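Using the sequences and the accompanying hints, generate a full structural model.
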Amino acid sequence: MRLERRAHRPFGLVVASPIIAIFAALAISGVLIALAGAPVLEAYYQIGVGSFGSRLAATETLTRATPLIFTGLAAAVAFRAQVWNIGAEGQFFIGAIAVAAFGAEFTAGMPPALAIPVLMLIGAIAGAFVLLVPLGLRLRFGVDEVVTTLLLNFVAVLFVSMMIEGPLKDPLAFGWPQSVPVADNALLPKIIARTRLHIGLIVAIAIAVIVYAVQARTVFGLQSKAAGLSPRAARFAGVPLASTLIKVACLSGGLAGLAGAVEVMGVKGYVTTDLSPGFGYSGIIVAMLANLHPVGVVAAAIFTAAMFVGADGMSRAIGIPSYIADVTVALSLLTMLVAIFFTQYRIRK
Amino acid sequence: MMEILEIFASAGLWAAVLRIATPLIFGTLGALLCERSGVLNLGIEGIMTFGAMIGWLAVFNGADLWTGLLVAAIFGAAFGLLHAGLTVTLGLSQHVTGLGITLFASSLSYFLFRLIVPVAGTPPTVEPFQPIDIPGLSDLPFIGPALFTQTAPTYLAIVLAVVLAYVLFFTPLGLAVRMTGENPHAAEAQGVNPIKVRYGAIMLGSALMSVGGSFLTLSAFNSFFPTMIQGRGWVCIALVVFSSWKPSRALLGALLFALFDAYQLRLQTVVGKAVPYQLFLMVPYVMSIVALVVMARRARVPQALMQAYRRGER
Amino acid sequence: MSDTPVLRLSNISKTFGTTVANDAVSIDLAHGEVLALLGENGAGKTTLMSILFGHYTPDTGTVEVEGRELPPGRPRAAIDAGVGMVHQHFSLAPNLTVLENVMTGTQSLVKLRSDTKTARAKLAELADRFGLAVDPDARLGDLSVGEQQRVEILKALYNDAKILILDEPTAVLTNVEAERLFATLREMARQGLSLIFISHKLHEVIAAADRVVVLRGGKVVAERQASETTKDELAELMVGRRIARPKREAGKPGAMVLEAIGASLTVDDVARLTDLNFKLHAGETLGIIGVSGNGQAQLAQMVSGLATPTEGELRLFDEPITEGVAALVEAGVGRIPEDRNSEGAIGEMTLWENAILERVRSPRFSQNGLVNRQAARAFANTIIEEFDVRGGAPDRRTRLLSGGNMQKLILGRNLHDQPKLLIAAQPTRGLDEGAIAAVHTRILEARNAGAAVLLISEDLEEVINLADRIQAIVKGRLSPPLAAEEADARKLGLMMAGDWSKEVVHAS
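Protein chains in written order, with my numbering: chain A, 8 to 356; chain B, 6 to 319; chain C, 720 to 1227.
Incorrect hints may appear among the rest.
[Stated by the list, open to error] Reference excerpt, derived from the structure (chain B facing chain C, CB under 10 Å, subset only):
(1) F175
(2) V197
(3) P307
[Unchecked claim] Taking lysine-lysine pairs in the DSBU-like style, the calculated list, with each CA pair at most 30 Å apart, reads:
(4) C/K830 <-> B/K201
(5) C/K1210 <-> C/K998
(6) B/K251 <-> C/K830
(7) C/K836 <-> B/K201
(8) B/K201 <-> C/K881
(9) C/K950 <-> C/K966
By construction, these hints were calculated from the structure, which means they are not laboratory data.
Because the structure is a prediction, the values reported are computed rather than measured.
Using N, Cα and C, we set each Cβ at its ideal position, and we do this for glycine too.
Here you go:
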C-alpha cells in the first residue's frame, strides 16, 4: 500500500473536506462523551440548542464568532504566505489594550462615526506592530517565527496585566485588575437590541470579503501567494520578498489587533486578562478549517463559536465538562489536515 | 546593591535552579531527540500539560509516584505516535500538526481532569516526591543544600542528558537517528529505515516531554491546574536551538535559563514594588527569544528538519 | 569467470501512472565486467537501477544476485547481497564526518557502542587499496565534489559491495577528475568487482566500458562490445530516429548589449566569481561552458538581476545594471533560469499566473494594483499556442505540465515579446531529445531576430551548435573567448579543465 499524488484535486472533495473533518472530530469526541457515561446524541443535541436553539443563543454564537472571524483571517492571510503567525493571541491583547489606552480620553470628544474607526485603526496598528518584531527577527537573523510569536503571546499578556494594574488601572473597579473603560462614544452599536450582538460582525464579514478580493485580484495578492508557495521562484520573478512579507505581517497582525479592539468596543468596554478565551489559538483552527479561504473563515468561525457557546449549555444540562468543545475543535484541526491531505493524495495498493 | 548580589550566595537559589530546570531538561531533551531525527514537535506544550495531568491523576488514584511518571511517559508516547502518524506517514505540515496536537492534548487534559475531579474550593493534592538525602554529599556545607537536596526525577533528568548524549554520538543507533535528521534518503540507502527511526524518536521524545510535565505535579507542586505549563514547552523548543542540538548544551541551557528564573523570583522580593512584577515574569520568554536570535545563524540545523520523507519521492 | 552472471535482471517492467519507465528489461552482468548502461534522459536508466537497488518495487520481473533472487523494495537486502549504489545526487549528510557517513547502518542498531576503531581501519584499507584518499574526520560538507564522490564509492565498498552501480558519475566532474574515476573503475574491475555505470555520454561509454547496453523508451534496444562499436552507431541506437538538432548559421553582430568589466561576486566571504570580462552584442550568442558548480549559478543570478557585482561592473546597453528584476524584464531582458522547477515556475500556481508573475507590475497586466486577469489569460493562451505548450490551459496548475512543456512556457513568456537580451541558463537540462531541438530552434530564432543571447551550459554539443563565441568558466573565472569556428570537443574540454594556454585558446 502506498500513497500516490493525485493529478487533479477533485473539486467536490475539496469542498466536502471541512464537513468530513468536522464529522470525524464529532465522532471521536462522541467516543469521549460515551466513555464519560453520557448520551452522545443528546449531548450534541444540547450543543445545537445551546448555540442556535433560540434567538438569544444565536446572537451569542454570532457574538462569539466575531473575534474568531478576525483571528481566523489573521491566520489565513499569514499562512497563505508561509508567515507562521501563531501570535494572534498576543496581538489580540495588545490591540485591546491600545483601544483602552486611547478610547478613554483621546477619542472621547469625537463623534462616534470618527471615534470608532480611529480606535479600530489604533488597535490594528498595535497588533501589526507586535507581529513585525518576530517577522523582523526572521528577515534579519533567520529566527523561526513560530516559536517567537508563541513566546510573545506570554509577554503580551503580562504587558497587559502590567498596564491594568498600573497606568491603565480603573480606579473605580474596587481594586479588580481591569483597565479604564472606553468612553461611551466608542462603544459599537448593537445589531439587535437587548442582545450582545454588535456591528463588529458586519465589519468582520465585510473585511473577509475585502481580504478575498485582495488575494484574488491584486498584485499584492498574487505576489504574496507566490512568496508563500515558493520563495525562490518568487525571488527569481522579482517579487520583493521582504516587503511583501512585511505587508502580509501588517495585515495579519492588524486583523488580530482589530479582533481585540472590536471585542473591547463591542462586548466588554474594558480590558481584563481573561478578555480572550484563546481567540488567537482558535483562529488558527478556523483558518485551517476554511482551507485558508477568507470567506470560508466566516463559516468556520461560526461553527467554532457554536461549539463553544453550545457546550456551555450542554454542560449545564448533562454535566459533561464544557472543555469537550475545545477537544472537538482541536480535533477538527487534525482531521482537517488529514482531509486536505486526501484531496491531494490517494491510497494505492 | 549588595542584596542583589547576595542572592547568589544563598543555597536556596541553587536548589531552586535545579528544581526549575528539571521539567525544562526533560522537555528540551525530548524535543531535541525529535528534531535530531528531522521532526519538529510543537505538540510539546500540550504533551507536557497532558503528562502533568495524567501523572498526577494516576497518583491521585492510588498509584505510586514512579508509576505516575510511567503513566505520563506512556501517554506522551501515544501522542508522539499520533504526531508521527500525521507528520511521518502522511507527511503533513509539522508546524500545524504540532500546534493541533498541543491544542488537542491540553484541552483533553482539562476535559478529563474536570470529568474525574469535581470542582472544589481547594484543589486536591497528592504526596509528591521527597528530596533524597545522599549520605556525605547532602551534609556538605552550602554545596549540600544547594545541589544535593533534590528529588529523584531531578537526578534522573541529569543522568538522561548524559545518556542521550552518549547514545546520539557513540552508538550505531544514535548515528542512524542523526543520519535520518540530516538526509533520510541516505539513511534509507544504507539500510536504515527512516520511517521507523522517526517514529521511535518522536515517541520516545514525546514520552520525555510528558514526564517533564508530570514533574510539575508530582515533585515541584502537588496539584494540577489548567495552564500550569505556562509556555515551558515553547521555551524548550527555543532551548533546543540554543543548544545547537547537543544534549550537553541543552542541559547547560536549561540550567542557565532556570538560574535567570530563580534569580528573578528572588530579586522580586528584594526590589519590592518599585518594579512591576510582570516585568520579571517576562524575563524567561524574552530570554528565550534572545537565545534564538543569538544562535539562529550559528547553529548547524539538522538538514532534513521539517522535511517530510516519502520513499521514492525526492 | 564463472557461468552464472553475478547479476541478472529478468523481464523488469515498471509504470508510473501512464508513463512506462521500464518495459520487460533483461540484463546480465558478468564477474569483473564494466557494463555501461547508455540512454537518454527519460530512457528509464535511473528507474531500472532504483529497482535493482530496492528503492522501487517493479510491476513485474526479478533481480537475481549470484543466482539468488532479491526481495523487491528492500535496499537493505540489496546491500547485504553485495550491491552498492553511487547516486548522481550524492546521498550524503554534509553535517556529519566522512567516517560517520560511511558507517551509518553498518553496525547492529542494538549495539551499545559504535566500533569506530575497526571502521576507521577498514576505511583506511579500502582507500589505500583503490586509491581513494579522504580524511575520515573531515566534515563532509567541507569536501570538494570529487572528494564527496570518493566518499560515495567508499561507502559502497565499505558495505562489501561486489557489484557497484554508478548513476551518471561524471556529471559533476571535470575531464581530469573523470579520467581519474575511470582509472579507479578499471582497477576495481581488475580486483574482481563488477560495475554498471549509467551515462548518456558516448565517448566515456566507449572509453571506460567493456560492454554497452542501450536503453531507449524503457526497452533494451541493443547490446554491443565497447571495442566493436563506434560513437556514431551508439548515437543512432540511443536516439533512434535521430531528431536533428538545429545549428547556427553565421550572423552579423550589432551593437553592444551586455558587457562585464572586471565583475566579481563575493557571497558570505567566499569569492564565487572573480574578475569576469565579456562582451555580448545584439544578434550574437555567447556560450559559457563549464562543469557544474564552477560559478555558473552565481553568474546567472548576477545577470538576471538577483545579485549585484561586489566589484567591477555589469553594463546593459552601456549603463550599469542595478539589482532589480522588474526593471530588467521591462528593459527587454528574457531570463531562463537554471532550475525550472524551483525557480522558473511555481507548480501550484496556474499557467497564467506563472506567465505574468515577473511582469505583473507592467501596465499591460495590472492597473492601480489590480491584476488584469483577462490580459493575463490572453497572454498565457498566446504562449500556449505559439510555443506548443501541450496539456496547457491558462487556468490549469503548472505542476501538471511535463518538463519540456514547462520549459516551453518559460521560453514563451520570455521570447514572445522579442527580448533584446536572452539569458539562458542550462536551458535543456533534463529534457528529452525532441524538446531539446525545439528549445534550440527557439533560441536560434531569437538570436537571428537580433537578440543577444548569453547561453550558460555544461553540454558541449549545445554550446558548439548554438554559440558564436565560447568562454569557459572554471572556479569562478572566465577564459578568454574562443570563436565557434575554432572550437572542438577537445579544445573545450581542455578549457573546462582550466587550461587556457595560447595554443588552446586564440583570443578572437
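Results for each hint:
| no. | hint | result |
| --- | --- | --- |
| 1 | F175 | 6 Å, holds |
| 2 | V197 | 4 Å, holds |
| 3 | P307 | 7 Å, holds |
| 4 | C/K830 <-> B/K201 | 17 Å, holds |
| 5 | C/K1210 <-> C/K998 | 21 Å, holds |
| 6 | B/K251 <-> C/K830 | 21 Å, holds |
| 7 | C/K836 <-> B/K201 | 28 Å, holds |
| 8 | B/K201 <-> C/K881 | 28 Å, holds |
| 9 | C/K950 <-> C/K966 | 20 Å, holds |
In the structure shown, no violation is registered for any of the earlier numbered hints.
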